[in-house]
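Engineer: Go by the hints and put chain P onto chain S.
First to last, the protein sequences are chains S and P.
Counting from 1, one number per residue, gives the positions in the first sequence under this note's numbering.
Counting from 1, one number per residue, gives the positions in the second sequence under this note's numbering.
You may find that some hints are simply not true.
Unchecked claim - Result set (EDC-like, lysine to aspartate or glutamate): computed pairs, CA atoms no more than 16 Å apart in a straight line:
| id | chain 1 | residue 1 | chain 2 | residue 2 |
| --- | --- | --- | --- | --- |
| 1 | P | K123 | P | E148 |
| 2 | P | K185 | P | E166 |
| 3 | P | K145 | P | D121 |
| 4 | P | K324 | P | D309 |
| 5 | P | K122 | P | D68 |
| 6 | P | K247 | P | D212 |
| 7 | S | K77 | P | E166 |
| 8 | S | K69 | P | D12 |
| 9 | S | K77 | P | E248 |
Claimed, not checked - Have a look at the derived ranges for each label pair, beta carbon to beta carbon:
| id | chain 1 | residue 1 | chain 2 | residue 2 | range |
| --- | --- | --- | --- | --- | --- |
| 10 | P | D212 | S | Y24 | 23 to 33 Å |
| 11 | S | R75 | P | N36 | 20 to 30 Å |
| 12 | P | E319 | S | E67 | 44 to 54 Å |
| 13 | P | P308 | S | Y45 | 18 to 28 Å |
| 14 | S | T34 | P | N136 | 52 to 62 Å |
| 15 | P | K18 | S | S18 | 24 to 34 Å |
| 16 | P | K18 | S | S40 | 22 to 32 Å |
| 17 | P | T313 | S | T34 | 18 to 28 Å |
| 18 | S | A71 | P | P308 | 29 to 39 Å |
| 19 | S | S18 | P | P308 | 26 to 36 Å |
| 20 | P | N136 | S | E67 | 46 to 56 Å |
Unchecked claim - Among the chain P residues that face chain S by a calculated CB cut under 10 Å, a handful are:
| id | residue |
| --- | --- |
| 21 | L10 |
| 22 | E166 |
| 23 | N167 |
| 24 | I168 |
| 25 | L170 |
| 26 | K173 |
| 27 | E174 |
| 28 | V177 |
| 29 | L178 |
| 30 | T181 |
| 31 | R182 |
| 32 | R186 |
| 33 | V249 |
| 34 | V251 |
| 35 | S253 |
Just so you know, the hints here were simulated from the structure itself, not pulled from any lab data.
By construction, the Cβ of each residue, glycine as well, lies at the ideal position given by its N, Cα and C atoms.
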Amino acid sequence: MDNHSEGEKRKTRYTTVSIPVTLYERIRKLIEGTGFTSVSQFVTYVLREVVAEMEEEKLKSEAVSEEEKKAIIERLKRLGYI
Amino acid sequence: MVSRPHGGRLVDRTVSPKRRERLLEEARELPRIDVNESIAADAANIAHGVYSPLEGFMVQEDYINVLDQMRLSSDLPWTIPIILDVDPEDIVGVKDGDDIALYYRDEPLAIMRIEEIYGWDKKEYAMKVFKTADPNHPGVAKTYKRKELLIGGSIDLLRDPPEPFENIRLWPKETRVLFGTRGWKRIAAFQTRNVPHMGHEYVQKAALTFTDGLFINPLVGWKKPGDYRDEVIVKAYKALIEHYYPKEVVVLSVLRMEMRYAGPREAVHHAIVRKNFGATHFIVGRDHAGVGNYYGPYEAWEIFREFPDLGITPLFVREAFYCKKCGQMVNEKICPHPEEFRIRISGTKLRKMIMSGQKPPEYMMRLEVARVILEHPKPFIEEDEA
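Looking at chain S on its own, in the form it has when it is part of the complex:
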């Protein structure tokens, strides 16, 4: 159950990150006439995509257990690769 009335709903919190002005301008021109209403909205969209991909990648790399990774490193050392 939602305990907040419409007016009391928790607002999404934002913070500020900096990007070069030149990049900002390029994005501003790029999104003209698209569904993106602001540079911030576009940047958030793109970052979410990139972050999701990186997180997935991180999960994949962690799919090798520590024990297995240790064994692989041992073999690589034995063979002279490390």
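Structural biologist: Leaving out everything else, chain P in the frame of chain S:
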């Protein structure tokens, strides 16, 4: 960061030591199919994720999709069918859903769950994969000699096939850890079936200039007569790296996989495989995986346009040649001098020199590499061996 495996997940169809004991016993009770070196290598490659996302030999739907669309039934790019051929008498009494044991050199290699047994048209295969039905093409000739039926299904690998180059054979799981340990994010993979000449060195070092590491991954296994022997290729590369490469930015590891000589299609296959090893870039040379005059010199570049979703970046490196005026290895893009100053390094010319015991000039081949080849009593595969 290293490439994501093709299809998102690195396949692992190897079995744990505990399970292996039980499966080995089971295997001895199952119908048996003996496989050759190339199939054994494919089975190991499937199990160790080299062919991710494949979990086994292809069923008909994937086979047809690959032939017709150059994609798996899941729509992932895939250009060379990975198939297991059998004769009808090999599978008497065997039906879909049964388990069989694959044997290699009289030892159980893998257990396969048969999902489908189906026929194939070798001529159609040849036309689509090799773009020719000419039996003089080595890949086509080999296809015509294959057995009449195909069986598709997942496998569990019980043991790795014996590998004479065990000390320089790494699996994708291992290269991924290795690249990560070295901190490499951009990795250029180089496929080869040849000993290195100065043109190869130029191309590799050009790629290395703007990547973090170079992954040299020579194919060992079946090749046509006249090609260099595996041990010559390996020794030649070791000599080249020892004398001319910074070791911390190069990894040399062999891949046991037969050459198909399928030109453009095989170039894409080679790229996908290296993506699974973690490479982010793949060097595609002139007439990559070609043979004779079956493919145009840059056909293997053009095919990559059809795969924007490949997930590995092809590096199209122009043919390198020695320019007498520039005094070094160059390519068409960076050398302004006319043809009369250019000396092209032809593999055929090099072979002829070596066959007659002649040492190639140093602008063609490093002395240390030439020495390895000339000291070998039989550096080339002979007619009756292939």
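Engineer: With reference to the structure, classify each hint as holding or not holding.
Structural biologist: Checked hints:
1. A C-alpha spacing of about 12 Å is found between K123 of chain P and E148 of chain P, which places the hinted pair at or below 16 Å, so the restraint holds.
2. Taking the CA atoms of K185 of chain P and E166 of chain P, the gap is about 26 Å. The hint is violated against a cut of 16 Å.
3. Taken as a hint, the K145 of chain P and D121 of chain P pair is honoured in the structure, with Cα atoms around 12 Å apart against an allowance of 16 Å.
4. Between K324 of chain P and D309 of chain P the alpha-carbon distance is near 41 Å, which puts this suggested pair outside the 16 Å criterion.
5. A C-alpha spacing of about 14 Å is found between K122 of chain P and D68 of chain P, which places the hinted pair at or below 16 Å, so the restraint holds.
6. A hinted pair counts as satisfied when its Cα atoms are at most 16 Å apart, and K247 of chain P with D212 of chain P qualifies at roughly 12 Å.
7. For the proposed pair K77 of chain S and E166 of chain P, the alpha carbon gap of about 14 Å is at most 16 Å, so the pair holds.
8. Restraint check for K69 of chain S and D12 of chain P: satisfied, since their Cα atoms lie roughly 15 Å apart, inside the 16 Å limit.
9. Distance restraint check for K77 of chain S and E248 of chain P: the Cα-Cα separation of roughly 13 Å lies within the 16 Å cut-off, and the hinted pair is therefore satisfied.
10. Against the hinted window of 23 to 33 Å, the Cβ-Cβ separation of D212 of chain P and Y24 of chain S comes to about 30 Å, which satisfies the hint.
11. At roughly 28 Å, the beta carbons of R75 of chain S and N36 of chain P sit within the given window of 20 to 30 Å.
12. About 47 Å separates the C-beta atoms of E319 of chain P and E67 of chain S, a value consistent with the hinted range of 44 to 54 Å.
13. Distance hint check: the CB atoms of P308 of chain P and Y45 of chain S are about 20 Å apart, consistent with the given range 18 to 28 Å.
14. Our hint of 52 to 62 Å for T34 of chain S and N136 of chain P holds, since their Cβ atoms are close to 55 Å apart.
15. The hinted range of 24 to 34 Å is not satisfied by K18 of chain P and S18 of chain S, whose Cβ atoms lie roughly 55 Å apart.
16. Checked against the hint of 22 to 32 Å, the pair K18 of chain P and S40 of chain S fails, with Cβ atoms roughly 54 Å apart.
17. Look at T313 of chain P against T34 of chain S: about 27 Å separates their beta carbons, and that is inside 18 to 28 Å.
18. In this structure, A71 of chain S and P308 of chain P meet the distance hint of 29 to 39 Å, their C-beta atoms being roughly 38 Å apart.
19. Look at S18 of chain S against P308 of chain P: about 32 Å separates their beta carbons, and that is inside 26 to 36 Å.
20. The given range of 46 to 56 Å is respected by N136 of chain P and E67 of chain S, whose C-beta atoms sit roughly 52 Å from each other.
21. Because the beta carbon of L10 of chain P sits about 7 Å from the nearest beta carbon in chain S, less than 10 Å, this interface hint is met.
22. Hint on E166 of chain P holds. Least Cβ distance to chain S is approximately 9 Å, under the 10 Å limit.
23. Hint status for N167 of chain P relative to chain S: holds, with the closest Cβ pair at about 6 Å, below 10 Å.
24. For I168 of chain P, the shortest C-beta to C-beta distance to chain S is roughly 7 Å, which falls under 10 Å, so the interface hint holds.
25. For L170 of chain P, the interface hint holds, since its Cβ comes within 10 Å of a Cβ in chain S; the closest pair sits about 8 Å apart.
26. The interface hint given for K173 of chain P is met, as the beta carbon of that residue sits about 6 Å from the closest beta carbon of chain S, less than 10 Å.
27. Because the closest C-beta pair between E174 of chain P and chain S is about 5 Å apart, less than 10 Å, the hint holds.
28. Below 10 Å, beta-carbon pairs count as interface contacts, and V177 of chain P has one with chain S at about 5 Å; its hint therefore holds.
29. Contact between L178 of chain P and chain S, as hinted, is supported at the beta carbon level, the nearest pair being about 6 Å apart and thus within 10 Å.
30. A distance limit of 10 Å between C-beta atoms decides the matter here; for T181 of chain P the minimum to chain S is near 6 Å, and the interface restraint holds.
31. Interface hint at R182 of chain P: satisfied, since its Cβ lies 8 Å from the closest Cβ of chain S, which is below the 10 Å cut-off.
32. Among the interface hints, the one on R186 of chain P is violated; its C-beta lies about 15 Å from the nearest C-beta in chain S, farther than the 10 Å criterion.
33. Proximity of V249 of chain P to chain S is violated relative to the hint, the smallest CB-CB distance being about 13 Å (cut-off 10 Å).
34. For V251 of chain P, the suggested interface contact is upheld, since its CB lies about 7 Å from the closest CB of chain S, less than 10 Å.
35. Of the supplied interface hints, the one on S253 of chain P holds, with its beta-carbon coming within about 8 Å of a beta-carbon of chain S, less than 10 Å.
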